[in-house]
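A.B. asks: Given next are the chains, with one letter for each unit.
Number of protein chains: 2
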Amino acid sequence: MTRVQLKPPYLLLIGAESDATYAKTALGIVQWCPEKVMGQLRFDGADVDLGVPDMSVAEAAAQGCGSLVIGVAPVGGTVPDSWWAIITEAARAGLDIVSGLHIRLADRDGLADIARNAHARLVDVRVPPKGLPVGNGKPRTGKRILTVAADCAIGKKYTALALHRALQDLGADSTYRATGQTGIMIAGEGLPIDAVVADFISGAAEVLSPAADPAHIDVIEGQGSIFHPGYSGVALGLMHGSQPDGFVVCHDPLRAVVSGWPHYRLPPLEEVIETHLALGRRTNPAIRCLGIAVNTSGLPADARQPHLEQLAAETGLPCIDPVAIGAEAIARNAIGQFLTE
Amino acid sequence: MTRVQLKPPYLLLIGAESDATYAKTALGIVQWCPEKVMGQLRFDGADVDLGVPDMSVAEAAAQGCGSLVIGVAPVGGTVPDSWWAIITEAARAGLDIVSGLHIRLADRDGLADIARNAHARLVDVRVPPKGLPVGNGKPRTGKRILTVAADCAIGKKYTALALHRALQDLGADSTYRATGQTGIMIAGEGLPIDAVVADFISGAAEVLSPAADPAHIDVIEGQGSIFHPGYSGVALGLMHGSQPDGFVVCHDPLRAVVSGWPHYRLPPLEEVIETHLALGRRTNPAIRCLGIAVNTSGLPADARQPHLEQLAAETGLPCIDPVAIGAEAIARNAIGQFLTE
Numbered sequence: 001m002t003r004v005q006l007k008p009p010y011l012l013l014i015g016a017e018s019d020a021t022y023a024k025t026a027l028g029i030v031q032w033c034p035e036k037v038m039g040q041l042r043f044d045g046a047d048v049d050l051g052v053p054d055m056s057v058a059e060a061a062a063q064g065c066g067s068l069v070i071g072v073a074p075v076g077g078t079v080p081d082s083w084w085a086i087i088t089e090a091a092r093a094g095l096d097i098v099s100g101l102h103i104r105l106a107d108r109d110g111l112a113d114i115a116r117n118a119h120a121r122l123v124d125v126r127v128p129p130k131g132l133p134v135g136n137g138k139p140r141t142g143k144r145i146l147t148v149a150a151d152c153a154i155g156k157k158y159t160a161l162a163l164h165r166a167l168q169d170l171g172a173d174s175t176y177r178a179t180g181q182t183g184i185m186i187a188g189e190g191l192p193i194d195a196v197v198a199d200f201i202s203g204a205a206e207v208l209s210p211a212a213d214p215a216h217i218d219v220i221e222g223q224g225s226i227f228h229p230g231y232s233g234v235a236l237g238l239m240h241g242s243q244p245d246g247f248v249v250c251h252d253p254l255r256a257v258v259s260g261w262p263h264y265r266l267p268p269l270e271e272v273i274e275t276h277l278a279l280g281r282r283t284n285p286a287i288r289c290l291g292i293a294v295n296t297s298g299l300p301a302d303a304r305q306p307h308l309e310q311l312a313a314e315t316g317l318p319c320i321d322p323v324a325i326g327a328e329a330i331a332r333n334a335i336g337q338f339l340t341e
Numbered sequence: 001m002t003r004v005q006l007k008p009p010y011l012l013l014i015g016a017e018s019d020a021t022y023a024k025t026a027l028g029i030v031q032w033c034p035e036k037v038m039g040q041l042r043f044d045g046a047d048v049d050l051g052v053p054d055m056s057v058a059e060a061a062a063q064g065c066g067s068l069v070i071g072v073a074p075v076g077g078t079v080p081d082s083w084w085a086i087i088t089e090a091a092r093a094g095l096d097i098v099s100g101l102h103i104r105l106a107d108r109d110g111l112a113d114i115a116r117n118a119h120a121r122l123v124d125v126r127v128p129p130k131g132l133p134v135g136n137g138k139p140r141t142g143k144r145i146l147t148v149a150a151d152c153a154i155g156k157k158y159t160a161l162a163l164h165r166a167l168q169d170l171g172a173d174s175t176y177r178a179t180g181q182t183g184i185m186i187a188g189e190g191l192p193i194d195a196v197v198a199d200f201i202s203g204a205a206e207v208l209s210p211a212a213d214p215a216h217i218d219v220i221e222g223q224g225s226i227f228h229p230g231y232s233g234v235a236l237g238l239m240h241g242s243q244p245d246g247f248v249v250c251h252d253p254l255r256a257v258v259s260g261w262p263h264y265r266l267p268p269l270e271e272v273i274e275t276h277l278a279l280g281r282r283t284n285p286a287i288r289c290l291g292i293a294v295n296t297s298g299l300p301a302d303a304r305q306p307h308l309e310q311l312a313a314e315t316g317l318p319c320i321d322p323v324a325i326g327a328e329a330i331a332r333n334a335i336g337q338f339l340t341e
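Those sequence lines, one after another, are chains A and B.
Position 121, counted from 1, in the first sequence is what this note's numbering calls 121; the numbers after and before it change by one each time, with no gaps.
Position 312, counted from 1, in the second sequence is what this note's numbering calls 312; the numbers after and before it change by one each time, with no gaps.
A portion of the hints provided could be inaccurate.
[Stated by the list, open to error] Among chain A residues calculated to face chain B with C-beta under 10 Å, some are:
#1 Gly135
#2 Pro139
#3 Phe200
Worth flagging that the hints you see were computed from the coordinates, not collected in a lab.
This structure is a prediction, so every number in the text was calculated from the model and none was measured.
Beta carbons are placed, not taken as given, at the ideal position from N, Cα and C, and that holds for glycine.
Can you build the whole structure from these sequences, using the hints too?
C.D. replies: In structure tokens, the structure reads:
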């Protein structure tokens with residue numbers, strides 16, 4: 001497994017982003033490791049604000065910044081020219097460039113030379129290790145929980161981090177397993193599952209959450225969605241390779257369509273649960289749904305708790321808002337169910 | 001162009017092969033597209049004979065050959081020096097080199113320079129083109145049929161080729177869409193879907209079968225299986241990107257477990273059909289099963305036709321053996337169903 005060692009503090013490149021959905025990398029870094037963040041670099045027109053100081057490359061470099069971190073994920077991975085100008089300036093100033101994009105920094109004409117001359121590194125956190133195997137599908141010891149959803153950018157990483165924290169708070173032996181750029185930046189290691197060659201998706205998932213002590217719990221960050229017209233392959237391969245004993249559905253009651261794919265309606269919650277159960281049984285017949293992680297922030301304040309209670313009554317599952325309440329109820333459910341086995 | 005495209009006619013490199021098993025790519029090319037084959041290049045000791053003219057590189061080049069196609073898998077995986085001598089000679093003569101080998105042609109010392117000087121291309125059909133998009137999931141005109149199965153190596157390529165031929169024989173406007181190396185060499189173009197980076201599987205499938213005349217039918221070669229512990233991600237992404245109007249299930253009545261994964265039983269045929277319908281509806285609500293392509297070769301000769309008839313009675317679908325009978329019944333079903341729309 002690759003280990004990524006990043007050099008703080010970070011200047012987070014936001015560009016002209018106006019949709020926070022696509023700034024989830026930067027938002028996650030600020031949320032989970034604020035002590036590593038020096039500032040943000042925004043262009044005119046950017047509506048996203050991380051709540052950290054705005055800085056130019058020159059200002060950050062003068063204050064001892066370690067890395068320019070590309071904190072925005074453009075759809076399809078195409079990087080605007082305005083970003084390349086900033087990246088080049090930062091490399092010339094000696095900042096490491098940390099990227100989670102599909103395109104490799106070293107493939108940019110001249111950038112590798114500029115970085116080398118300034119003793120800066122080009123760090124692609126999404127480059128998977130070589131030699132990943134095809135999934136073998138064999139059962140392995142230890143417990144695994146996967147966060148899933150009907151869409152992307154709906155809380156799978158956050159929920160996994162919150163559940164991992166709650167499990168640890170309850171004394172469980174838990175590891176957070178990162179599958180995406182932000183998670184890898186937060187955890188310091190992981191496997192960029194959606195950058196793996198298609199034949200090796202489930203094999204990579206097996207490598208990510210290896211055999212462990214029977215009482216150990218891996219909390220695996222989900223990617224994509226089996227219902228997503230662009231990313232379903234990633235999601236199914238990740239689930240089959242993870243062989244989850246349980247999954248948590250991340251849910252936004254106000255999201256009606258796939259974010260960025262407005263011609264796709266999201267399936268009902270019950271269908272999300274049943275389809276994951278049906279497909280997940282292929283590699284782990286004991287798979288079960290452990291709870292629903294709901295983003296209630298869009299509901300009126302006095303409607304949030306009733307919504308969670310109604311959902312819990314309908315599904316018979318712990319329903320929590322991981323941001324507002326934390327994931328303790330789901331952690332308790334997981335520990336209780338796994339203890340009986 | 002984001003598809004692999006080959007330049008006919010071909011000179012097929014057979015080497016000293018004496019076992020037809022290892023020449024199945026070359027045999028498939030001659031079987032399905034003899035019009036693209038100029039000749040074969042065999043060394044002393046070769047027992048495999050494709051039934052096409054023997055030729056040297058010089059003879060083929062003088063007659064306007066487009067590509068030297070490596071139609072054999074070397075035993076043990078190592079490419080013999082005798083092959084490299086021929087490959088180098090062909091590149092120097094201006095022939096494209098087409099390879100499905102694990103080793104990349106450009107990694108061979110000096111070969112890239114020789115090819116460049118002769119305006120020849122080194123084409124690794126296992127290497128997907130750059131610039132593939134994320135799947136957008138938008139409906140597109142034209143009809144699409146995907147071959148699927150509960151396992152790999154069970155007839156998806158053969159069935160797609162047979163169905164394409166049957167559609168053409170019936171006067172339909174059909175294109176075979178190749179997703180694997182042999183299929184790409186046969187079709188002269190395609191996309192190696194299992195070598196694509198995970199995020200772009202369905203996008204690659206969209207590129208492979210683009211918008212077309214409403215009456216046009218793409219027959220898409222399936223890869224992997226949504227039930228396969230190693231390759232389910234490839235299969236689901238391919239199905240979602242293909243947006244098939246119909247699918248054909250390839251079935252072997254004597255295969256009980258996943259080939260090479262003996263701890264996985266194959267699901268019942270009915271479950272194979274229902275699961276593909278349920279998941280395929282996500283990007284094409286009109287998806288239907290058009291028939292079953294059965295490998296009856298393992299059954300006693302007098303049991304084959306009764307088996308097909310029983311299966312047809314059980315499923316209400318045309319059930320054929322594409323090798324023994326051909327795919328006309330499924331082609332007629334597809335044309336009939338598509339005509340009513």
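A.B. asks: All the hints need checking, so say for each whether the structure fits it.
C.D. replies: Going through the hints against the structure:
no.	hint	result
1	Gly135	holds (4 Å)
2	Pro139	holds (8 Å)
3	Phe200	holds (8 Å)
Checked against the numbered hints given earlier, the structure satisfies every one of them.
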